[in-house]
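Novice: Based on the provided sequences and hints, a complete structural model is requested.
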Amino acid sequence: MDRTRKGFWSARRRALKLIGAAGALSLGTLLPLHGALAQGAGMPQEDEKIADTMKRLFGNRSVQEAGERLKLDAPMIAENGAVVPLKIDAELPMTKESYVKNIYVIADKNRRPMNARFALTPDAGKASVATNIRLAATSDVRVIAEMSDGALYGTKREVKVTVGGCGG
Amino acid sequence: MSVGQVRIRVPEKAKPGEVVTVRVLVTHPMETLEFKGGKPVVKNYSYIHRIEATYNGRKVFEAETTQAVSQNPLLAFPIKVSEPGTVRVTFHDTDGKTYTGQADIKF
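Top line first, the protein sequences correspond to chains A and B.
For reference, each letter of the first sequence is one residue, going 1 to 168 in this note's numbering.
For reference, each letter of the second sequence is one residue, going 169 to 275 in this note's numbering.
Some hints here could point you the wrong way.
[Stated by the list, open to error] EDC-like mimics (lysine to aspartate or glutamate), calculated; alpha carbons at most 20 Å apart, straight line: (1) Lys96/A - Glu186/B; (2) Lys183/B - Glu97/A; (3) Lys126/A - Glu202/B; (4) Lys160/A - Glu79/A; (5) Lys248/B - Glu91/A; (6) Lys96/A - Asp263/B; (7) Lys126/A - Glu251/B; (8) Lys211/B - Glu46/A; (9) Lys109/A - Glu48/A; (10) Lys274/B - Asp123/A; (11) Lys227/B - Glu97/A; (12) Lys96/A - Glu251/B.
[Claimed, not checked] Here are the simulated distance ranges between beta carbons: (13) Val83/A - Thr189/B: 14 to 22 Å; (14) Ala51/A - Glu180/B: 24 to 32 Å; (15) Lys160/A - Leu242/B: 32 to 40 Å; (16) Ala137/A - Gly185/B: 39 to 47 Å; (17) Arg56/A - Thr200/B: 19 to 27 Å; (18) Gln239/B - Lys87/A: 14 to 22 Å.
It is worth saying that the hints were derived from the structure and are not from the lab.
Just so it is clear, the structure is predicted and the values come from calculations on it, not from any experiment.
Quick reminder that beta carbons are idealized off the backbone N, C-alpha and C, glycines included.
Specialist: See below:
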């Protein structure tokens with residue numbers, strides 16, 4: 001009687017172990033399989049420091065503080081660095097003679113800081129764009145508006161990125 | 169949702185000379201570069217690198233995007249409309265594929 005009960009429990013334990021092992025195995029096979037062949041398109045570009053990016057994009061032109069003329073709406077704290085909503089509004093002229101030609105979004109601590117460039121024409125009517133960007137870490141997000149005559153207006157905001165969304 | 173599905177939203181009615189906001193969303197993974205031991209992982213990854221918008225065939229907006237734009241990119245941009253017409257937005261990815269969406273603006 002006693003022996004049979006022991007036998008039952010140990011058998012049960014063995015069965016549980018088996019189930020556990022099977023579970024681990026199936027997890028292993030579910031892991032994503034990488035290794036598709038690389039093709040020319042979208043090949044990795046080199047990492048870049050923020051100073052080099054600014055130099056590449058703007059040369060030696062200096063960026064003026066935009067103040068009220070350029071508004072950047074971004075969250076103070078982004079729980080998920082993969083989706084950071086940005087809204088950019090420029091109170092700058094949009095006429096045939098003088099208009100916002102480009103709006104650059106630059107995140108200092110990204111691998112390649114240049115995130116996006118939006119090219120506008122006087123037909124846009126106003127310089128206002130919105131998009132979602134990715135941030136690698138807590139860093140300044142700069143928005144720089146380039147006028148048709150080459151003048152640069154910039155503003156920046158710090159966006160805190162919390163890893164794992166656990167606050168702080 | 170399948171990759172390359174473009175959803176576009178414009179105001180139902182506009183007045184001549186009004187600045188309307190076009191909101192457009194495309195389903196795309198916008199894959200990022202992965203690193204293993206400091207070396208980039210070799211794989212065939214792709215992202216949207218150019219977005220173009222036309223109104224009645226006239227180019228009104230263009231954007232150059234990188235992998236630092238989120239998955240399923242969402243974009244909003246303005247157009248000043250003086251006549252009814254069609255907005256057409258084209259996304260180009262690094263695979264050489266293009267995805268297009270269009271919407272009509274009525275008066």
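Novice: Confirm or reject each hint.
Specialist: Hints, one by one, checked against the model:
no., hint, verdict
1, Lys96/A - Glu186/B, "holds, 17 Å"
2, Lys183/B - Glu97/A, "violated, 24 Å"
3, Lys126/A - Glu202/B, "violated, 38 Å"
4, Lys160/A - Glu79/A, "holds, 8 Å"
5, Lys248/B - Glu91/A, "holds, 16 Å"
6, Lys96/A - Asp263/B, "violated, 36 Å"
7, Lys126/A - Glu251/B, "holds, 17 Å"
8, Lys211/B - Glu46/A, "holds, 16 Å"
9, Lys109/A - Glu48/A, "holds, 10 Å"
10, Lys274/B - Asp123/A, "holds, 17 Å"
11, Lys227/B - Glu97/A, "holds, 18 Å"
12, Lys96/A - Glu251/B, "holds, 19 Å"
13, Val83/A - Thr189/B: 14 to 22 Å, "holds, 20 Å"
14, Ala51/A - Glu180/B: 24 to 32 Å, "violated, 47 Å"
15, Lys160/A - Leu242/B: 32 to 40 Å, "violated, 22 Å"
16, Ala137/A - Gly185/B: 39 to 47 Å, "holds, 44 Å"
17, Arg56/A - Thr200/B: 19 to 27 Å, "holds, 21 Å"
18, Gln239/B - Lys87/A: 14 to 22 Å, "holds, 19 Å"
Consistency note: the structure conflicts with the earlier hints numbered 2, 3, 6, 14, 15.
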